[in-house]
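Heads up: the protein sequence lines correspond to chains A, B, C and D, in order. Per this note's numbering: the first sequence = residues 4 to 242. Per this note's numbering: the second sequence = residues 4 to 242. Per this note's numbering: the third sequence = residues 4 to 242. Per this note's numbering: the fourth sequence = residues 4 to 242.
Don't take each hint at face value.
If several chains are the same, the list does not tell them apart, and a pair holds so long as it fits within one copy or across any two.
Simulated crosslink set (DSS-like; lysine-lysine; CA at most 25 Å straight-line) [unchecked claim]:
hint, residue 1, residue 2
1, Lys-116, Lys-203
2, Lys-75, Lys-114
3, Lys-203, Lys-73
4, Lys-235, Lys-157
5, Lys-204, Lys-137
6, Lys-218, Lys-116
7, Lys-114, Lys-160
8, Lys-157, Lys-73
9, Lys-73, Lys-116
10, Lys-193, Lys-114
11, Lys-203, Lys-114
12, Lys-114, Lys-156
13, Lys-116, Lys-75
14, Lys-218, Lys-241
15, Lys-203, Lys-235
16, Lys-235, Lys-75
17, Lys-235, Lys-156
18, Lys-203, Lys-156
These are calculated hints, taken from the structure and not from any lab test.
There are 4 protein chains.
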Amino acid sequence: MSKLDNLLNDLVIANRILANEDVVDAYGHVSVRHPDRADRFFLARSLAPEFITRDDIIEFNLECEPIDAKGKQLYTERPIHGGAYQARPDVMSVIHNHSPGVIPYGITGHKMKPVMHMCATIGHEVPIWDQHQKFGDTDLLVRTMAQGHDLAKKLGKGGTCLMRGHGCVVVGPYLRRTVYTAVYLELNAKLQMQAEAMSKKVRFLTKGEVTEVAKTTSPANVNRAWENWCRKADRPYKE
Amino acid sequence: MSKLDNLLNDLVIANRILANEDVVDAYGHVSVRHPDRADRFFLARSLAPEFITRDDIIEFNLECEPIDAKGKQLYTERPIHGGAYQARPDVMSVIHNHSPGVIPYGITGHKMKPVMHMCATIGHEVPIWDQHQKFGDTDLLVRTMAQGHDLAKKLGKGGTCLMRGHGCVVVGPYLRRTVYTAVYLELNAKLQMQAEAMSKKVRFLTKGEVTEVAKTTSPANVNRAWENWCRKADRPYKE
Amino acid sequence: MSKLDNLLNDLVIANRILANEDVVDAYGHVSVRHPDRADRFFLARSLAPEFITRDDIIEFNLECEPIDAKGKQLYTERPIHGGAYQARPDVMSVIHNHSPGVIPYGITGHKMKPVMHMCATIGHEVPIWDQHQKFGDTDLLVRTMAQGHDLAKKLGKGGTCLMRGHGCVVVGPYLRRTVYTAVYLELNAKLQMQAEAMSKKVRFLTKGEVTEVAKTTSPANVNRAWENWCRKADRPYKE
Amino acid sequence: MSKLDNLLNDLVIANRILANEDVVDAYGHVSVRHPDRADRFFLARSLAPEFITRDDIIEFNLECEPIDAKGKQLYTERPIHGGAYQARPDVMSVIHNHSPGVIPYGITGHKMKPVMHMCATIGHEVPIWDQHQKFGDTDLLVRTMAQGHDLAKKLGKGGTCLMRGHGCVVVGPYLRRTVYTAVYLELNAKLQMQAEAMSKKVRFLTKGEVTEVAKTTSPANVNRAWENWCRKADRPYKE
């Protein structure tokens, strides 16, 4: 199989894993940048992530226009992906989800920070984007490239950004690591809540620790989790 | 299949979905208004929702009397449904449930409000009905039409109403959207609790945002969730 | 099948249901009084509830001595059952469990009260027994009839009693209703916690409401839940 | 089968049980000391615990060097095991995990203490080790024997020790009891959180009670849980 085939197979599996790990329900989506054309990315047609198969994957340019829509309905919120790929050449994969733990932080403005080593890839502090600030009363969906660009600006150089009253966006240097960060962002959300309920003096990871963990989070390390999630989601694992 | 057949098949599936998504346990029920006779509605005989099949569905008039009970035991709380259908010609489906998250709001009087876009169909603020106010010490079940009318009055023009020490009622313009609202009412209950434990300054959806989301919550949008719930509940999906 | 056979079949199913509903894990047990001999009761040999079959059921006198132990190891805490049956001729079934929600109440002395209609059979206020008061430092297990009698005294005329640092005991007028109360005691524990975290002004069921619900909680009502639990636990339902 | 064969089979089952009971996810590991050579222990190659089979088990000396690595990648954090076996001749099994409940205690410095009899084997008070104190900014993994020794020192004579921003270590006199303690450490973490949210006056087990429970926690007692966990994890039980 070609490199691209392998990647798109992984994209299908990623959809399934994110559903199985309760990061997405019927909503939420994951994309990858084209490995050979930096001006293209792949994302499924509009469908709950758990059902997505290879045939549902569609190619888009960075303005989020489909190369060939195959007559299918598309996700409304493609600008989340296009905005991030345009702003960040280093980003090779984007996830948008509404996993329950992230919502309380987004609507209170309370800052999320990593509480344990596996959660360090979320970054030292997670920014919060509020669509209302620039766009007023909307249905909160990221429908336009202007909204996508504004979100990407708030994301900055980091790996995660919360969206008030909506969910979050997670980006990464490769697909499996982006999935890894999305899963552990949700875990961090839950654990930080519990710790702060217990005591006002929470010791988060230091900046130095976050940097150290980022350095040692290797593909082999991520694969140990990926293999585990594949099996739980009833999907074959391929190194 | 006729329009009515399709609707009753959907009603059977709705029962199963509500059980599978933990909105109902052995108790709770869902009904639909007759599509061709506004003075009739359909509801199952007394049975845990998960087991209900097409044969268990019974037709009622709006006073909650069965057209043909087929010798079966009926749900005691039919007046929840009849009361809502009488008061609200726009209501085409009614759900009564005791999903755990709604109970704490009903017994504290603490107001539930939407925390995220998918939960906007619960309305800008959820009213609370207390059977004790008008009816004194009862077993809390809505046994009479007088009680059903009183509950419908508190529901007003909205889509949801909590019932103190008991549960809630959810109504909607069509069955699948009513199920959608019932599922996300429970999610909102859990997330609002967590957010308020975290900070006193929660930013709920604005009135304008609630209106915008209501406008864009289309049947296609609802179907993405419905298809997902069908598969999780092992039931065929039909657009 | 004889009345006794039916009852013992139900006892086997009750064990399975309690395990499946997470009321018991490897520990905890359920017994029934002999329907024709008030001085005898039935309880399984020492085994995790989920595995128990008809062959594991052993008959005991009210001093908790086995009529025929069949060479099997017995539960240490039989005096919980014997103590309740001796003190309360109306009690026909006893459950002892450590379901997680009840523990925080037992160790804080915080009173549990019913928050919703389905939980009313736990009684208007649940007493707490502390083995340490009378028996000092022990391994907290109810090993002697003296301990069993002391616990039964604290239980009084009610249906439930918490045991500090240990769990609870639930009694009832027939097996299925006792299981019903044990399941909804755990639900009440969780919901009361959440409500009290939300507001100091919780409206519990009134005494009058508790009495009304107790009156209308009929075997037919309990059977609706029992049938549902049977199916979830993969066991045949018999009315 | 030889004593060693039986033990290694149990080690494989322990990995599976810990995954199934959510004590470990893709990370975390369990080891046993060689029953005939106190200077050796057994631990799997680097792999998510759920997949581990007999072939994945590797023998190590107490400096954590493999006797025969069979060309496989090894867990980085072997010094957690080697450190404990060197410091404590009585320790025959070691578990390292990141079960979610223990994290909030480790990062707040809030002391965990046993809330119920089944949790008494965690010890009267659980110490917390912070790798940062002696080793500064690291990726928080226990990579060197110096770190392993420092952790073992904090563990002291007890059965459990939390690791700030990372997880915990659990040790015991035999494998099944160590698994038992790891499972109930997580339960204790959750219940203590809830109790302390409910009231400032929590009655933990007394020192005398902890001692009494430790005395009566027999292998037969532990086996009741082990048998239950085996069945839930779809593994054969052997007494």
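Here is what the structure says about each hint:
{"no.": "1", "hint": "Lys-116 / Lys-203", "verdict": "both (14 Å within a copy, 20 Å between copies)"}
{"no.": "2", "hint": "Lys-75 / Lys-114", "verdict": "neither (39 Å within a copy, 41 Å between copies)"}
{"no.": "3", "hint": "Lys-203 / Lys-73", "verdict": "neither (54 Å within a copy, 48 Å between copies)"}
{"no.": "4", "hint": "Lys-235 / Lys-157", "verdict": "neither (34 Å within a copy, 36 Å between copies)"}
{"no.": "5", "hint": "Lys-204 / Lys-137", "verdict": "between (35 Å within a copy, 21 Å between copies)"}
{"no.": "6", "hint": "Lys-218 / Lys-116", "verdict": "within (18 Å within a copy, 36 Å between copies)"}
{"no.": "7", "hint": "Lys-114 / Lys-160", "verdict": "within (17 Å within a copy, 37 Å between copies)"}
{"no.": "8", "hint": "Lys-157 / Lys-73", "verdict": "neither (33 Å within a copy, 49 Å between copies)"}
{"no.": "9", "hint": "Lys-73 / Lys-116", "verdict": "neither (42 Å within a copy, 40 Å between copies)"}
{"no.": "10", "hint": "Lys-193 / Lys-114", "verdict": "both (13 Å within a copy, 20 Å between copies)"}
{"no.": "11", "hint": "Lys-203 / Lys-114", "verdict": "both (14 Å within a copy, 14 Å between copies)"}
{"no.": "12", "hint": "Lys-114 / Lys-156", "verdict": "within (18 Å within a copy, 35 Å between copies)"}
{"no.": "13", "hint": "Lys-116 / Lys-75", "verdict": "neither (39 Å within a copy, 35 Å between copies)"}
{"no.": "14", "hint": "Lys-218 / Lys-241", "verdict": "within (24 Å within a copy, 44 Å between copies)"}
{"no.": "15", "hint": "Lys-203 / Lys-235", "verdict": "neither (36 Å within a copy, 39 Å between copies)"}
{"no.": "16", "hint": "Lys-235 / Lys-75", "verdict": "between (30 Å within a copy, 23 Å between copies)"}
{"no.": "17", "hint": "Lys-235 / Lys-156", "verdict": "neither (36 Å within a copy, 37 Å between copies)"}
{"no.": "18", "hint": "Lys-203 / Lys-156", "verdict": "neither (31 Å within a copy, 28 Å between copies)"}
In summary, the numbered hints that this structure violates are 2, 3, 4, 8, 9, 13, 15, 17 and 18.
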